[in-house]
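Asker: Here are the chains, one letter per residue:
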Amino acid sequence: MTIRDEDEREQLAAEYALGTLEGAEREAFARALAADAGLAARVEFWGRLLAPLTEAAPAVDPPAALWNRIEAALVHPASTSLATAGWWSSLLFWRPVGVVGALAAVLLALYLGLAPPAAPTHVAVLNAEGSRQAVVVTVNLARASIAVRPLVPFPGAGALELWLLPGAGAPPRSLGLISATAAVERKVATDRWQGLAADAALAVSLEPAGGSPTGLPTGPVVCSGPLLALAHR
Amino acid sequence: MAAPELAVETLIARTALGDRGAFQALYRATAPRLFGLALLVLRRRDWAEDVMQEAFLAFWRRAGDFRPERGSGLGWMATIVRNRAIDRLRREPRVAGEPDREAPDPAPDALSRLVQSDEARRLAGCLGELDEQPRRAITLAFYEGLSHSELAARVGAPLGTVKSWIRRGLMRLKACFEQTEGGR
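The listed protein sequences correspond, in order, to chains A and B.
Using my numbering, you'd call the opening residue of the first sequence number 1 and step up by one each time.
Using my numbering, you'd call the opening residue of the second sequence number 1 and step up by one each time.
Hints were generated in silico from the structure; no laboratory data involved.
These figures come from a predicted structure and were not determined experimentally.
Hints are not guaranteed to be accurate.
[To be verified] Straight-line distance between alpha carbons at most 20 Å, and here's what the computed SDA-like set of lysine to any residue pairs gives: (1) B:K163 / A:G38; (2) B:K174 / A:Q11; (3) B:K163 / A:V43; (4) B:K163 / A:K187; (5) B:K174 / A:A41; (6) B:K174 / A:A144; (7) B:K163 / A:A144; (8) B:K163 / A:D5; (9) B:K174 / A:K187; (10) B:K163 / A:E6; (11) A:K187 / A:A144; (12) B:K163 / A:A24; (13) B:K163 / A:R143; (14) B:K174 / A:A40; (15) B:K163 / B:D118; (16) B:K174 / A:P155; (17) B:K174 / B:S149; (18) B:K174 / A:L39; (19) B:K174 / A:A24; (20) B:K174 / A:G38.
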C-alpha cells in the first residue's frame with residue numbers, strides 16, 4: 001500500500017504513534033511504513049511529540065528477576081523472540097563488546113610480547129562484560145597458525161569451542177576446541193580464514209563434550225571480541 | 001555506593017559502546033518509570049515484564065540510534081516501551097471488561113503531573129488548548145493504550161465521532177507544537 005495523500009499520511013502517522021489504529025488498517029499502515037522512510041520519519045516525529053506524556057506515568061518497581069532475565073537474554077539471545085536466525089547472525093550483538101576491547105586487545109598483545117616475535121597478522125581479546133574472563137588470540141595468517149591464551153582459567157564443565165565469525169553476516173566457522181586453562185598454539189587450515197570482513201570477530205561458546213554436533217555454535221557464548229588486523233610496515 | 005548518578009543520556013552513550021555496567025545502571029535508573037508505563041498501558045504484569053525484556057534488549061542493541069538532539073533519553077526509551085506495549089495489545093487485545101486490578105493509578109490528573117521537563121510543560125500547554133473531548137480521547141488513548149473502537153466503547157460515543165476527535169486533536173496539537181517551537 002502506498003499512501004499518497006499528504007494529509008492522510010500525516011493523520012495515519014499520528015494515529016499510529018498514538019496507538020489508536022487497529023486491525024487491518026494498522027497492519028496495512030505498518031506494511032507501508034516498512035517501505036517508506038518518509039512515513040517512518042513522520043511516525044518518529046509524532047512519537048517525539050507525544051513522548052513527554054510518558055513523564056506522568058507512575059513509577060513501579062519491576063520484580064528483581066526481570067533484570068536477570070534481561071541479562072540472560074543478552075548472553076544467549078536465541079532464547080528470545082528477537083533472535084530468529086540464531087544468535088550468531090546478529091553481528092550487532094558482537095560489535096559493542098569489541099569497541100571497548102579493541103584498544104585493550106592491541107595493548108594486551110604488546111604487553112604479552114606477542115606482536116613482534118610471532119608477527120601475528122590479527123589479534124583478538126575475547127571478553128565478557130561483568131566477568132574477568134579474557135582470552136587473547138593471536139593469528140598468523142602467513143603461517144596459518146593460531147595461539148589461544150586464556151588469561152583467567154574458565155570455570156565449570158563443558159567443552160569450549162572457538163569460532164571465527166567472518167563478518168558481513170556469514171555463518172561462524174569452528175576453529176576447534178580450546179583448553180580452559182592452558183595456552184595452545186596450533187595450525188588452522190587457511191581456507192577457514194578466507195573472506196574476512198571488517199567486522200570479523202572471534203567467540204568462544206560452551207558446547208557438549210567433543211564440540212558442537214552441528215558445526216554451528218549451539219551453546220551460550222562465554223566471551224567474544226573483534227578480530228583486529230595488525231598493520232605491519 | 002556513593003557513585004555519582006550519571007544522566008540517562010550518558011548511560012545510553014556508554015551502553016552504545018558495549019559497557020554492560022552502564023547498561024545495568026541504565027536499567028536501575030529507568031526501569032521503575034518504564035515498568036510503570038508498561039503496566040499502565042498493558043494492565044498485565046506478565047505482559048509488562050515481557051515488553052520490558054524486549055525493550056531492554058533493543059536498548060542494548062540500538063543504543064547507538066539514540067539522538068540526544070531529538071529529545072530526552074528517558075523519552076526515547078519510554079516511546080520504545082510504549083510502542084512495544086501497543087504492538088502487543090493490537091496483536092492480542094485485552095478481554096473486554098477484564099478487571100484492572102494490576103493497573104497502577106491510571107493518572108486521571110496526568111496533565112497536572114506533567115511539569116517535569118520543558119517539553120512536558122509545552123505539550124501540557126498545547127493539550128490544554130484542545131477542546132475537552134479531543135483532549136480526553138488523546139490522553140485516554142495514550143495512557144491506557146486504547147484503540148479507536150475501545151475508546152468509542154469507553155466514552156460511549158460513535159466510532160466516527162471518536163476518530164474525528166482524535167484526528168482534530170492531534171492536528172491541533174501539532175499546529176500548537178510547531179508554533180511554540182518555530183517549526184519542526
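Asker: Which numbered hints does this structure break?
Answerer: The structure conflicts with hints 1, 4, 6, 7, 9, 13, 15, 16, 17, 19, although it agrees with all the remaining ones.
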